[in-house]
Amino acid sequence: MSGEVLVRLNINGEDRSLALAPNTTLLAALRQHLGLTGTKKGCGTGDCGACTVQVDGQPVNSCLMLAVAAQGKRITTIEGLSHDGELHPLQQSFVKHGAVQCGYCTSGALMASKALIERNATPSHDEIKEALAGNLCRCATYPRMLKAVAGWKEFEGQPLDAKPHAHAERDQQRDHDVVGHGVTRYDSPDKVTGRAKYTADIQLPDTVVGKILGSPIAHGLLKRIDVSKARALPGVLAVITGADVPDEWYGVSPAREDEQILAKERVRYVGDEVAAVAAVDEATAERALALIEVEYEELPAVFDPVSAMAPGAPVIHPEKPRYAGNINTRVDWHFGDVERGFAEADLVREERFVGNRTYQSPMEPHAALARWEHHGDRLTLWSSTQTPHYLHRSLSRVLGVPMGNIRVIRPAVGGGFGAKAEATPLDFCAAILSKMTGRPVAMEYTREEMYRHFRGRHKQYIDLKIGLKKDGTITAAEHKVVLDGGAYTSYGVITAYYAGSMLPTLYKIPNYKYEGTRVYTNLPASGAFRGHGVPQPRFAFESLLDMMAGELGIDPFEIRLRNAMEPNTRTGNALDVSSCEFIATLERARATSGWAEKKGKLPWGKGIGVGCGGFVSGAGYPIYRSDFPHSNAMIRVHEDGTGVTLHIAASEIGQGSDTVLVQIAAEELGVPYEWVWMADCDTTISPLDLGSYSSRVTLMGGNAVKMAAQNVTAQLREVAARELGCDPAALTARDGRIFVKEHPSVGIDWADAARLAFSRKGPVVGTGSYSPPKKLGGEFRGGTVGTSPAYSFSTAVAEVTVDVETGYVTVDRFTDYSDAGTVINPVTLHGQVEGAIIMGLGEMLLEDTVVGANGAFVNANLHDYLVPTICETPEIHTAAVESFEPRGPFGAKEIGEGSMLPVFGAIANAIHDACGVRVTELPITPEKILRGLKERVAAGAPAGARA
Amino acid sequence: MVMPDFTYVRPDTLTDACALAARLGRDGAFIAGGTELIPDFHRARESARHLIALDHLAELRGIAADGDGLCIGALTTVAEVAASPLVRARFVALADAARAIGSAQIRSLATIGGNFCRAVSCADTPPAAIAGEARVRLAGVSGTRELAAEAFFLGARRTALAPGEVMVAITLPAQPASSGTSYQRFSRRKGAALAVAAVAARVTLAGGRIAGARIVLGAVSPAPLLVTLASAMLVNERPSATLFAGAAEQCADEALPITDVRGSADFRRELVRVLARRALDEAAARAAEWRS
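Residue numbers (the working numbering), protein chains in the order written: chain A, 323 to 1269; chain B, 19 to 310.
Okay, chain B solo, but in the shape it has when bound (with noise of 0.2 Å):
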């Protein structure tokens, strides 16, 4: 389907966007990469009058270690996301998570604040950032606030954006002493596709001991799902497939698949017992290498 008109805007600051944003309600968009927003009008999943570009706000754009942390601008690319040796470094999962976006093409377009706020269910980086503790930095006409990246989204597309809303950047504090990551997910081909269930990990060890774990699933509910029972039976253990197994077993009984075309809830939950495991393993393995 041709798109259907719309004007296209770009404001100079973050607060006219804003203020452009709060007047013009459920009739405006923001624009950064388009690779969800121009598809879902091809598909009339969106219907917004005006755009309002966001690539005049260089503000919003790059990557910089902030202590021993990191804070991604949302209108970096993923692609930058993924090559970014300083997001390696800090925080693996993330990387992978962004590289196993799409295609070079569509990450060279997409930002990692688009695949926040469109809030696909599939979407990559949201899981792995909430593993390591991620914040969005929000600001509105009425000033910017954070929170928690798992108290951003509420359900499938749905986010707690207000009206007039945009996000900034997304931080990530230090990492633990002693802690590893991993992002691990599966799709029904190797090049460009969706995930059909993912999740990310991070384990601390202290003392061969885990001292906490976050693991979080992608594609499996509405939204990013912080698994908290199975991540808290791992609490004081030592790690052991057998510990890694019962927690993947929980992290089945969590998930809130569907079925759809990519794969049926059975599967899905299959699946998620499967690369949680892996995704358990990888990260007390990078935990146990952990150099500070």
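Chain A with its partners taken away, still in its complex shape (with noise of 0.2 Å):
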């Protein structure tokens, strides 16, 4: 082992000396040694950027930068950006434009865009792209990064305020002093400055690394393991094998519980975890696994759904015989009679699709930290995830700790979009590592074991039949859907159904057959992304819609609008749809894309083409059976009145719930936005809340936070009134005042009436909880599956480029529209929206995990598995129609998953316009394209231009 070598470097004005590893990268000195944890990591290989910092002005990956190569050099980092209190005018330019989401790209991109203003201060769009290319952002707030950087003079010599910038946009008009404007959003002050904590920046004193050992082989039985090599290695603390964890079986879904901490007979797929190691260091964690001796009995093993079904297929579950045939799900339904439907139709189309399996990637790799307090019975753990409660409930089942003595903290997530939704072998492991050691674990995956646990999007085979009228009316639709799992069943059961519940919420379908099968393989485990489940038969239909619209002679809107569900529907698979303006935004969008001038008459390569989309504002049941209001929040009015403390156990992970959730409780108060502090995510200190899945938080955590309000409003109303010698109920609360509605001028400061409520009773709290209607959805297994309190509707268009002799495409501009009931912040629903746009072209032309022969995905990491960057960034307008949810706060529905929905098909049907190909199976690659206009001209079709 070599020495340490003393390294001087400069940072952010000040001199440092450092005695470091030479192999230290300037990354982990920052982050490591000096604690400057602003500068994230989240590839490691010089792919995502959000390592950037400057040295000597330029902008460097800090991860692919040896420390000791900084010697002497000017290292500017987040924590360097603002001078004297004072925010730079970028830091507050990406505020105002709503460029923060998840935030964890924020550091990175901003100092990659202050090294492009540096040499050019005033540049143009195409010079943002060239200098941020290398700044990948999940949640795609490329559109706001462009206006930030384009726009930041604007903000020099300005203070930050919260105030919605200037341009911001608003698309209905409300009567409300915070719900409906743009305010900036809540965490954007600390995620610009490098302030925001996320898991991997907890430092506690005498923490150990902990590592996990996944299997090298798909399929295998353990014959043996020695960890006594990894035992005796200095610095090693602790090894764990499945003979050291609980027998316990869990999952995130009650129904299907089939995945243990670490492996104790088998593994079912490269990666499955069969040991873990707490260290010193990650060095030594990383040492201790390769002395870790494994016997394996490798079987045979099989990588596609289809094969697995075949009769003697590997068994991949042989313990559980209701998995027989590597079935883990099967769902059935058949609402209407659909050979009747198919009789009546005048057209019947049927069409074989395929999906991808696409990978979220959060910017963000999980991670967690876990800690034992008290007599060492307590355990506090601090995770990156989108369900507190779901992890804070596995964690009791399978460490036999009852949910009183856990403490789960939720830190500030880069992003989640489903692969952060159950827990993780980190999350058990980091638990059981540290009660055995004594000290804090923390671990955190890397990008390729991001990958290897997975949980991204299933990839399904559909066979989707379709019947129609001749005037384009929907007679009957069956869809059969095979699901590829992989070995374990996450949310997968869900998927299975989800896949099957949503098809009927946007057209109206008389006759609807659905047959799902969930697949067993040995590949890792598909769960819940973005949509879930619905993205690719939304995209098989909306494709097949317009194939048939094209055979009939009749517009594709023309065809939508024919079918587009109408408010206060039941669907055939008996979900209650309540608002609707899906309507609405078919006409916005097809008047404002220019579908009339453009549709079928754009030139040749060029093309028009609408999808459409809706989704859940909340599940209706939770995932397990449980009678807990789903969503409950607690204010408390600090004791002099000058603001309130929210108490949710939410999970903001980039969409922006804290923010439209504080702009609910500010509202509802009367009080301004900036009086409200957002109390952490920590089960010891805000009540229950389901999590960040099924696009719910709006909805169902806006309502409880209401009411909390409410509750609190009401308390003040009376002391108020006493004051007044008035009736409480002729009062009402608004910008910090309690005054009589009919005369505004008698009234007192809210604050005031908070201080007497408190010096007579003590603590002013006020509790709200909210449960969706009860007996949502039909009588029938599944039933449950797809129910909502309401249901968001949008509509798309996209306008593509295919470069007809590379069949490579570039989506030009993008229309949308939504109902998304009333909207509480139009900055944070379009930045939602953009993202779903890009994320989604993305999904349709670039990702894919591609499985090697082994059975490992080869492409696990960022710079073959592309994910769109800011030069993808199409031209985007969107906006939300006039709407209003009677069950929502507000009026609100949900927009986070519902905007994905109709990208796929729009971009399909995009590029269908524009070259005549179709492409069934995605992701839709240059090579598909090509192969497709060959295919075309040999079918008889002229070259170089439309039949």
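Heads up, some of the hints might be wrong.
[What the hints assert, rightly or not] Calculated pairs, DSSO-like style, for lysine-lysine (alpha carbon to alpha carbon, straight line, at most 30 Å): (1) A:K830 / B:K208; (2) A:K928 / B:K208; (3) B:K208 / A:K1250; (4) B:K208 / A:K1256; (5) A:K920 / B:K208; (6) A:K923 / B:K208.
[Said to hold, decoys possible] Quick partial rundown of chain B residues pointing at chain A, CB under 7 Å, derived from the structure: (7) D23; (8) F24; (9) V27; (10) P29; (11) T53; (12) S121; (13) A122; (14) S126; (15) F204; (16) R207; (17) K208.
If you are wondering where the hints come from, they were derived from the structure by calculation, not from laboratory data. Only a predicted model underlies this, so the values are computations on that prediction, with no experimental measurement involved. Each residue gets a CB set at the ideal place from its N, CA and C atoms; glycine is no exception.
Take the two lone chains, each set in its own frame, and fit them into one complex as the hints suggest.
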């Protein structure tokens, strides 16, 4: 082992001397040795840009630079960007333009932008794209980054406030003071300064590092594990194997608990966890893993669901007879009579569509930090999670520790999109290793391990059959889906239901049959990914509908309008649609996009297409049977009345839910937005919320917060009424005052009322909770999946250019209209839609995990699994239509997941319009387009022109 | 993976650097920008135990006019090459190739010497440089030598560098009168992505006919491929769409692509056909606009 060397670094103007091993990267020196955790690690291989710092003014990936090589150079990190307590104008511009969502890429993007504006103070959009091409943002705030960097000078000398930016979009007019306004995100000031702490940024004294050993084979039996050499390695504190962890089977879906923390007998995919170590540092932990001897009896493995269902296929869960034939779940639904429906149709078409196995690839790797306290019987776990409650519950069940003795803290989360919606082996192993060592244990996935753990989108094999009348009316649809589940269930049972349940919410389908089969394979487990199970079926439906409209000579918009869902409708599969402005989204998108002038009329190689979608605003039922309200909130008024703290264990993961909840609280309390503090998401402080999945927080969390605020307001009104000598019912609270509705001049300050209330009876606390309406859904198996208090609807129009020589597709423009109910914050709403469009175009055109011969993904990194960069950003016009959902807080519904759904179909249909090629297997690669162009000409179509 | 332990030495002279490298043999590796080397350590593809940093060797840095040609020090960053008005004026294909590499962050660390010496099959600057008859200058314990850039590349991650040898500079001769160059590449994504196929071309005109042509393929063979047959097809011919299409076809025939996660061999061949035609079109158009 080589010794350390003295390295002198000039960081943010300060000279620092550090004793470092020569193999220490600048990133590690900053984060681990200097505690400058604003600089993030996203990949460690120079692909993501989260670690960007300036070295002598130039932007560099600090993960690719050795600290010794930075000796004598000027290093500027995010912590050095603001001076004397004033934000740099770039930081202000990012905040005001809403260019911050999860925030994990923000420091890197800011530093790359800073390097750009130092050379070029007025960069064009193309110059910004070139400068930021290496800063991946999975929330895809790219359109806003472009505006923020281009417009940075506007913020020179401006103090930061939370007021909406002058250009902040507003789609709807409502008489609210906070709700409906594009106030700046609650979390953005901390995210642009690097102050926001993500799990891996939390540094406790005495912490040791945990690492997990994954199986190198896709299927096999464990014959022998010898950890003696690993245990003997100096610096190793603990080594655990399957023998050291509980026998309990777990899984986020109680219907199919099929996972164990570490394999006990069998490994089922490359990466399946077999052992874990805790050591003084990461290098020692890795060396220890390499010293663990594992002998496997390798078994035949199967990597696709069709082979997995074939007779004689390897059995992946032989200990559970219910999964015979590797069938994890089967769904069989029939509503109406499809045979009759097809008989009544004038045109029936059936097509096979195949999806891709895409990965959420959030910019922040999963991380967990565990510490035991009290008498060693109380566990605190910090985790990068979307679902603190399900994590809490899983830890309790598997470890056999009461929930009351476990504290789950969710720090800032750098994106999830479904990848962080369940307990991971990191969470469990950190807890177990910490208990064994008596020290805090920190664990983190590498980018490659993230792909191995996976829980990405299921690859679906879809056979879709639709029947239409001559006028385009849908008479029936038959939808058969085989889902490649990978080795475990994760959310997969629900995915299999969602893949079928959501098709009938958008168009009226009188006769509908769905057959879903989720199959085990020896691949990493698929799970819930934004739009959960629905994007691929929606892609299939929107594609086939366009194909059939073409045959019938009906305009794609006309056929959609003819079948569009209307308000207050019960769908064939017993889902209750309340508010629905789907038709308005279609009409607005058609008009704004210039459809009539463009469809079929653009030059060869350019095309326009429409796609539609919609989603639940929160699942009607929790994932496990429970009578607990789904969201619960508590508001405590500060004693002197100058602020309130909002407690709700919801999960801000970048989507902006904290901001929306704070706005709802402020509006209902009648206080300024700035008065509300969001308490940390900590299960000892904040009441239960089911988490960020199924696009549920605005509606459900929002209702709970609104109720808690009403409760507080009622208490203060009573006090104020006594002061003013009037009836509490005559009073209202607005902008920090409580006054008589009919005589606004008669009133008292909100703070005075709060002080009086505290003086009289102590703490002023309001609580609220939300449960969805009871008995949603039909009385059939799986009838609960797809139920929701409310549904969103949206229409998107894509315009593309296809390079017909190389097959390369450029998405030029998107026009998107959403029915999201009342818009709580237009800036965050538009940010979600833009992000979904860009993420969706990535899934359509770029993304797929590729399975190698041994069953491991060969592109488990960010240079071969390509996600969109800022250069892929199309011109986007997005707006919300007028809508009000009676069950939502202030009329609000969801936006985050539903906005993904129209994207796939719109792009597929635009590509077909551009070059006559219909690709039915995702992603739509240049190679497939070229093949399609050749086949088209071979079939007699004119080359270089529409038929 | 955490990088293995290594020592880090910063020689102050080229002689010391070469002597040290010769002594360490396979245990030593030069480090310049590190953008290839450090990921290679993480992927356990690099196992050097001693790094020899070149950053104290100022003579290896910088872009200079060499008569009407260019001399680019091996330690010059790719960002500097991309931004250099001199490179852009005298050999635009190289400036474009440098600009296509990675991201701004990578370009400000990565060096042109590193782009050559790591010899990754899809490297961008080598094909462009070869199209311009670049030569590489190498220094070793027994002195310096020069060789044609195409002779420097022996295969994927294999070069003509002898143990203890370091690349000093890349030189480009004055480009012929009435010549034009082009670098065309295809990647799966616009921002920061590796080339799936690339074609660099130089076309020299004389009296309305092509006096000479050099076409080099990138990312479709283990090392940059100077396609001699395709280049020869053009000589003494008048530029035309048919001519270029025929030469492009020949380029596709000469390519040696593989199938990997970025594209199939067939697709790469198809891309070569398109990119070669585009490169020839652009190079010929630039040649026609030649101003000396």
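Status of the hints after comparison with the structure:
For a cut-off of 30 Å, the pair hint linking A:K830 to B:K208 is broken: about 40 Å separates their Cα positions. The hinted pair formed by A:K928 and B:K208 meets the criterion: a straight-line CA distance of about 18 Å does not exceed 30 Å. Using a Cα cut-off of 30 Å, the hinted pair B:K208 and A:K1250 holds, with the two alpha carbons roughly 18 Å apart. Our distance criterion of 30 Å between C-alpha atoms is met by B:K208 and A:K1256, whose separation comes to about 25 Å.
Under the criterion of a C-alpha separation no larger than 30 Å, the hint pairing A:K920 with B:K208 is consistent with the structure, at around 26 Å. At most 30 Å may separate the alpha-carbon atoms for a hinted pair to count; A:K923 and B:K208 meet this at roughly 27 Å. Interface restraint check for B:D23: the shortest CB-CB distance to chain A comes to about 5 Å, inside 7 Å, so the restraint holds. Against a cut-off of 7 Å between C-beta atoms, the interface hint on B:F24 holds, since the closest Cβ of chain A lies about 6 Å away.
A least Cβ separation of about 9 Å between B:V27 and chain A goes past the 7 Å threshold, and the interface hint is therefore violated. Checking B:P29 against chain A: minimum C-beta separation of about 14 Å lies over 7 Å; hint violated. The beta carbon of B:T53 is positioned within 7 Å of a beta carbon in chain A (closest approach about 5 Å), and the interface hint is therefore held. Interface restraint check: B:S121 against chain A, minimum CB-CB distance 2 Å, threshold 7 Å, status holds.
For the restraint placing B:A122 at the interface with chain A, the shortest Cβ-Cβ distance is roughly 5 Å, inside the 7 Å limit, so the hint holds. Hint on B:S126 holds. Least Cβ distance to chain A is approximately 4 Å, under the 7 Å limit. Below 7 Å, beta-carbon pairs count as interface contacts, and B:F204 has one with chain A at about 6 Å; its hint therefore holds. At about 5 Å, the closest approach between the beta carbon of B:R207 and any beta carbon in chain A falls short of 7 Å, and the interface hint on this residue holds.
Hint status for B:K208: holds, given a least beta-carbon distance of 4 Å to chain A, under 7 Å.
When each numbered hint is compared with the structure, violations occur for hints 1, 9 and 10.
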